[in-house]
Amino acid sequence: MAGESMRDEMIEARRPPNAHRGVLKWLQRNLFNGPINSVVSVITIGVLIWALWPFVQWALIQADWLGDSRQACSGEGACWVFISARFESIIYGFYPEAARWRVDIVFALMAGLLAWLAIPKVPGKRWAAIIAVIGFPIAAYILLLGGHFGLMHVSTRNWGGLMLTLTVATIGIVGSLPIGIVLALGRRSKMPLVRAVSVVFIEFWRGVPLITVLFMASVMLPLFVPTEVEFDKLLRALVGIMLFWSAYMAEVVRGGLQAIPGGQEEAGKALGLNYWQRMGLIVLPQALKLVIPGIVNTFIALFKDTSLVLIIGLFDLLAIIRAGLTDSDWLGFATEGYVFAALVFWVFCFSMSRYSQYIEKRLQTGHTN
Amino acid sequence: MSQATATSHGDTPMIEMKGLNKWYGDFHVLRDIDLTVKRGERIVVCGPSGSGKSTLIRCINHLESHQQGEIVVNGVPMTQDVKRIEQIRRNVGMVFQHFNLFPHLSVLENCCLSQIWVQKKPRAEVEKTAMEYLERVQIADQAYKYPGQLSGGQQQRVAIARALCMRPEVMLFDEPTSALDPEMIKEVLDVMVELAREGMTMLCVTHEMGFAKTVADRVIFMDQGQIIEEAPPETFFNNPRSERTKLFLSQILGH
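Chains as they are written, first to last, in my numbering: chain W, 5 to 373; chain P, 12 to 266.
The set of hints was computed from the structure by calculation and includes no laboratory data.
Treat the hints with care, as some may be off.
[Said to hold, decoys possible] Distance condition first, Cα-Cα at most 25 Å in a straight line; then the derived DSS-like pairs of lysine-lysine:
no. : chain 1 : residue 1 : chain 2 : residue 2
1   : P       : 139       : W       : 273
2   : W       : 237       : W       : 308
3   : P       : 94        : W       : 194
4   : W       : 129       : P       : 156
5   : W       : 273       : P       : 132
6   : W       : 273       : P       : 29
7   : P       : 132       : W       : 129
8   : W       : 293       : P       : 156
9   : P       : 156       : W       : 125
10  : W       : 273       : P       : 131
11  : P       : 156       : W       : 365
12  : P       : 29        : P       : 49
13  : W       : 273       : W       : 293
14  : W       : 273       : P       : 156
15  : P       : 131       : W       : 129
16  : P       : 94        : W       : 273
[What the hints assert, rightly or not] Beyond 10 Å from chain W on every Cβ pair, some chain P residues (computed):
no. : residue
17  : 24
18  : 143
19  : 228
20  : 237
21  : 240
22  : 262
Keep in mind it's a predicted model, so treat the numbers as computed, not measured.
Yeah, the Cβ is synthetic: ideal placement off N, Cα and C, and Gly gets one too.
Using the sequences and the hints, build the whole thing.
As structure tokens, this is what we get:
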């Protein structure tokens, strides 16, 4: 039937064939669709069970959960009594017991603010942002450090455990992102001096190991400043961590800036927007959205690397658990301690990862041009 | 107020270029350009690719900077001063080949952005203006969609509305239909013809010769960075004087 042809009636849209649903159908189509695939599936599942079963048995089935001393440990599986007995110090470090309610309030405020900011349906985001940026840091500072309004002063030497880890991570994250953005813009600036300063700053901090930065902050910095000025050890570590990670952040953000077509800035220029408006309203919102995976990757790395503060004598979550291992009542529970520390870190990092994926989906606005 | 408004009425030309020269490195892209655009004039600029026509109109709002000569836009001489450049840009609308809409903002927000941040107008008024212009380019029903959800022709019409929202005194079009599928070219040209009828001063770089015949007061032919021929469309198309123009016309009209 080559040659001429024509159609009078248009074809109606139909549903695709084989729209199978259900678990069994899925299993059949994806794991057992043919002999080779079935064998591979069975072997994979077998290996997984074989590899994970001893751990499950140790960590869950044969584990001891209840009790308040070493006598509660049967020795067959993990003894989580070690964690529960030391739980308070894992959370608060050496923070005086009488003042721990202040830490609780800060935790609660932070959780509330995070929920307010993170859940799209809750209204008043502008207020949440203002409180999170201005109100919360002031409140946390007053509550945690004390010394005002009749609150007992608690030196940062007594801070520790999860509370210290979260403090360092939060300040590191909140501080490094804006500094990183400014550095990234600086590195792309047309002004040679601004560009040079940014490049040198980024390359210096990126080229130095974080451990070195922390050592320098705690050992070398006091040599250079007059003795009467006493810098807080935690503050020094915080500044070091912030500057170190801002260099990484700058490069992540720069990657995003470079991916935005030049036409976007030109359109902004043509409309009469000035440099900061073009950056703040057009280029950065798109660039940051593009590099959410990279930013969150850096956040996660930062969060985990907070445990390095233990080398300058700060007792973060990991260090406080390690300290617990040397307790003569609890010798030999290193595995439980490290597994628990790993679990806590994993929960926080995995949450960040999931939330970033959710945000990426939410910010999707169709194809970019 | 600034000197722009003081001189913006009367007989001052909309755009005046004298002895304009520009180089990219050693490459001489614009050579001794003299061009005056009167108020309400519609000019079509054409020429082979690489002839400098886009560069020429991009100099008018300083997306490109020139090295020699002077440009006066709406009575305001162009300098390197950022404030001065921004002042000029507020009076000059531009439409790009690739639309350059902001993909992270809705159509409506695209039209509101510069009104809010540059003109500092209240939100309600800004949205009203935006809807008016979206209505005029017949795309108001898509106001809450994102650019990525629209067709090329629709995007370009939004881009025109976005530029018009700033109530510019002159509109620059940089090959506005070159990136469009054939069936979408007409909807954009219709909007441009309408705009021309309303008396907008327009400078269009385009290969749409039909458009040039319909609305242009003058057609400018450029090659190798210089203006080769300048004539009303009837003369330009029927009795071109230069050999280059004849060759160019035979190439684009000869199929």
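Query raised in the report: Within 25 Å, alpha carbon to alpha carbon, are residue 156(P) and residue 125(W)?
Result: 21 Å, holds
Query - Beyond 10 Å from each Cβ of chain W, as asserted for residue 262(P) - result: Fine: 28 Å to the nearest Cβ keeps residue 262(P) off the interface.
Report task. Taking the shortest Cβ-to-Cβ distance between residue 143(P) and chain W, state whether it exceeds 10 Å. Result -> Given that every Cβ of chain W is farther than 10 Å from that of residue 143(P), nearest at about 17 Å, it holds.
**Report entry** Holds or violated: residue 237(W) to residue 308(W), with C-alpha atoms at most 25 Å apart
**Finding:** 20 Å, holds
**Report entry** Restraint check for residue 156(P) with residue 365(W), where alpha carbons must lie at most 25 Å apart
**Finding:** Judged against 25 Å, a Cα distance of about 17 Å means the pair holds.
Query raised in the report: Regarding the pair residue 132(P) and residue 129(W), is the alpha-carbon distance no greater than 25 Å?
Result: 24 Å, holds
Query raised in the report: Is residue 293(W) close enough to residue 156(P), meaning Cα to Cα at most 25 Å?
Result: 19 Å, holds
**Report entry** Holds or violated: residue 273(W) to residue 131(P), with C-alpha atoms at most 25 Å apart
**Finding:** 16 Å, holds
Query - Distal placement of residue 24(P) relative to chain W, Cβ over 10 Å - result: Its Cβ never comes within 10 Å of chain W, the nearest being 21 Å, so this holds.
Query raised in the report: Was residue 240(P) rightly flagged as not at the interface, with every chain W Cβ beyond 10 Å?
Result: 28 Å, holds
Query raised in the report: Are the Cα atoms of residue 139(P) and residue 273(W) separated by 25 Å or less?
Result: 23 Å, holds
Query - Pair hint outcome, residue 29(P) versus residue 49(P) [Cα-Cα no greater than 25 Å] - result: 14 Å, holds
The structure agrees with every numbered hint stated previously.
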